[in-house]
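K.L.:
Based on the provided sequences and hints, a complete structural model is requested.
For the protein sequence lines, the chains are A and B, in the order given.
The working numbering numbers the first residue of the first sequence as 68 and each following residue consecutively.
The working numbering numbers the first residue of the second sequence as -14 and each following residue consecutively.
These aren't lab readings, by the way, just hints derived from the structure by calculation.
What you are looking at is a predicted structure, and each value in this text was computed from that prediction instead of being measured.
Mixed in with the good hints, there may be bad ones.
Below, computed lysine-lysine pairings styled on DSSO-like, alpha-carbon distance capped at 27 Å [said to hold, decoys possible]:
1) A:K265 to B:K25
2) A:K265 to B:K(-11)
3) A:K113 to A:K265
Computed footprint of chain A on chain B; a stretch qualifies when at least three of its residues, placed anywhere within it, have a C-beta under 8 Å from a C-beta of chain A [said to hold, decoys possible]:
4) 67 to 80
5) 98 to 109
Note that beta-carbon positions come from the ideal geometry of N, C-alpha and C, so glycine has one too.
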Amino acid sequence: MTRASAFFFRHRGARLGLTLGAPMLWFLVIYIGSLAVMFVSAFWSKDVFSGVIVRSWSFTNFQTLLDAPVYRTIVLRTLRLAGMVTITDIVLAFPLAYFAARLASNRVRNALLVAVVIPLWANYLVRVFAWKLILTPNGFLNWAASPFGFSLNLANSEWAIWLTFVYLWLPFTLLPIYGALERVPNSYLEASGDLGAKGWLTFRRVVLPLIVPGIVAGSIFSFSLTLGDYIVPSLVGNTKFIGNVIYDSFGIADNVPFAAAYALVPVAIMAAYLLLAKRAGAFEAL
Amino acid sequence: MESKTARFFIKSGSLIALLFLYVPLGLVFLYSFNASIGQKWPITEFTTKFWSQAWQSPDVREALVNSTMIATAATLLALLLGSLAAFAVHRFRFFGRNAVSLLLVMPIALPGIVTAIALSASLDTFGFTFGLFTIMIGHATFCIVVVYNNVIARLRRTPGSLVEASMDLGANGWQTFRMVTFPAIRSAVVAGGLLAFALSFDEIIVTNFLSGTELTIPKFIFNNLRQPRNRPIVNVVAVGVTVAMLIPVYIAQRIASGGGEVATGSGRREGPADTVAAAAAAQAGQGV
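P.N.:
Given below as structure tokens:
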């Protein structure tokens, strides 16, 4: 053991190889290798008549993506949904984040944070299922709405998908906003007050600019998670989103090349989103 | 500083958010004792018979055994590879270090379905048969990331002077690791492992593409959600796994927030907020 230690002490390369070798081998071979296979297969195509995958370079899939209006519609619909979910989550998360960060005592704050995270550990499908139960026509929602004399039929609608996503990603949005609010120094608020600003003005001119990175950081989660999800739309709604098209082309139509090509769409969108987020300083706020 | 009206809005907004988070979970819990197969609310009659039915269902048992095996294997592999990677990135400055640390968070940054179809297509191309082994490969890939994140965060907070002191006192590399570095990061390793286990146990997005005909707990729920006949059992399994999952997560949080500060001697006690954020970031890997 002593000799081995001495060897590794003298040979930096050996130490590096020993620690980094195995994990890199796994990631390069299995993960990057798979992504490469997917990327390459996006340029293959499936022969319409024989159903055989043609392994030669072509842009057929991308042509289809651009030409067929349905795929554009689905991309826009997904973007709209991801945007709506993100905004709703920010609005819903803000008061609780603010309360926990600035008004609550230490003990209450810790309890609230734990309370926000616990639902994340309930199985993801269980949380989706909960909304299926709530939104069924004779379920909880209409029972709660009946004293007010109206009934809502949201089951299998886009509203159901929206609500479920908002529910699923709320904790992810809330935590970065909380973190940003907690980091705003009290002295800034006092200074603003001393200079004569009322609460709202202080909020708008001092607090808000300081927490924008946190809000953007939170939005990364809700946006990207919505973008790539295929489970929620298929369980609580019947509208197709990007994830469903990928899932269907891959699993049902067995058209791997097209699925791979379409999967590059959310990757490209997320890359652009992350670049913008980085400019807003969101990575420091994570 | 906040006016009375502002406080009122903040407090009522907080209450709405909390209710929004917990009412759905409470309902699922109550529905698992629903005697009727329908989903009508309010529930009129309660029973525990579906709990025993679920426990005796061969499908549920098979799924439970499979999920446990996969999660255990994926976690062990992730503990080894994730900790090694964290050491390398923390300790050494080498060419491509930034690329490596980016690579190690990619499974979390890319949408889950992308990872899923990439793995599925390539494992299929290279002749693997989909089953427990392929699921384990998929899970290990993002479990490594979870362990890596936990361990590297702790390493960054552990002062390098401890290692130097140990070497000055004549300990060799292995002794330093065994008696100084490892005790400092032990709790982070354990917490990372528990989070990885919980994550694997809950995973559906990647699992769906790699499982072939094998059942796991989430896959059982997914397959049976739309079959009214099996709904009561799904309810029970849903509540059962949620409650069971809270145990490792609770332990992970206790360990991660309690341990470490003695060993590092930095005097900075990690607040629960850090652990909570780490747990959330880890969880994000499941869906993203």
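K.L.:
All hints are to be evaluated individually against the structure, with a verdict given for each.
P.N.:
Checked hints:
1. Pair hint K265 (chain A) plus K25 (chain B) does not hold up; C-alpha atoms about 50 Å apart against a cutoff of 27 Å.
2. With a C-alpha separation of about 13 Å, the suggested pairing of K265 (chain A) with K(-11) (chain B) holds against the 27 Å cut-off.
3. With a C-alpha separation of about 65 Å, the suggested pairing of K113 (chain A) with K265 (chain A) is violated against the 27 Å cut-off.
4. Against chain A, the region 67 to 80 of chain B contributes 9 residues with a C-beta closer than 8 Å to a partner C-beta. That satisfies the three-residue criterion, and the hint holds.
5. Judged by the Cβ-Cβ criterion of 8 Å, the region 98 to 109 of chain B is covered by chain A as claimed, because 10 of its residues qualify and three suffice.
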